[in-house]
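Participant: Sequence:
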Amino acid sequence: MVILIAAAGKNNALGKNNELVWHLPDDFKRFKALTSGHHIVMGRKTFESFPRPLPNRTHIIITRQKDYNPEGCIIVDSMEKALEISPINEDVYIIGGGEIYQLGLPFSDKIELTRVFETFDADVFFPEINLDDWDLQQEEFHSKDEKHNYNFSYQTYIRK
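Mapping the sequence shown onto the UniProt record's numbering, position 34 (from 1) lands on 34, and the numbers just tick up by one.
None of these hints come from the bench; they were simulated from the model.
Given the structure is predicted, the values throughout are model-derived calculations rather than measurements.
Among the hints, erroneous ones may be present.
As the list claims (entries may be wrong) - Quick list of in silico lysine-lysine cross-link-like pairs, DSS-like style, CA-CA up to 25 Å: (1) Lys10 with Lys147; (2) Lys66 with Lys45; (3) Lys144 with Lys45; (4) Lys45 with Lys81; (5) Lys32 with Lys144; (6) Lys144 with Lys16; (7) Lys45 with Lys16.
Turn these sequences into a full structure, and let the hints steer you where they fit.
Facilitator: Written out as structure tokens, the structure is:
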């Protein structure tokens, strides 16, 4: 199954200047639990936003740069190639950024979205979810607290 996984603000904000615009520790834990042991597909800028490759995951990076070759990663130049080399009978997670989500949306079977209930100033956005194509299957609300400055919900969408 091809799964988009993201955290986005009410205005679909993802980040600014190649950084997230919020800090939600529980969302990081959920991301790690869902993606560990799987192939993760991302753009070069998303990969470069990490301090190091994420442990226990196979990194597939989509880039137009011909000489880009970070150690231990698979480099491709299209979403089609990224999905082609991913295991057929396993979940594959598309983890961003904005352009990569847009490219991956037509191939996706599921969206795991953390909706942050705030509007943010951003330069990268998650694509609009067309409810003619997607069913919201599950939603779990979390109130802001001492570790989380915003209300948020985990939302699971399945393609109709």
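Participant: Each of the hints needs a verdict: does it hold here or not?
Facilitator: Each hint tested on the structure:
1. In summary, the hint linking Lys10 to Lys147 is supported, as the alpha carbons are separated by about 20 Å, within the 25 Å threshold.
2. With a C-alpha separation of about 15 Å, the suggested pair Lys66 and Lys45 falls inside the 25 Å cut-off, and the hint holds.
3. A distance of roughly 29 Å separates the Cα atoms of Lys144 and Lys45; the hinted pair therefore is violated under the 25 Å criterion.
4. About 18 Å separates the Cα atoms of Lys45 and Lys81, which keeps this hinted pair within 25 Å; it holds.
5. In summary, the hint linking Lys32 to Lys144 is supported, as the alpha carbons are separated by about 21 Å, within the 25 Å threshold.
6. Our distance criterion of 25 Å between C-alpha atoms is met by Lys144 and Lys16, whose separation comes to about 22 Å.
7. About 12 Å separates the Cα atoms of Lys45 and Lys16, which keeps this hinted pair within 25 Å; it holds.
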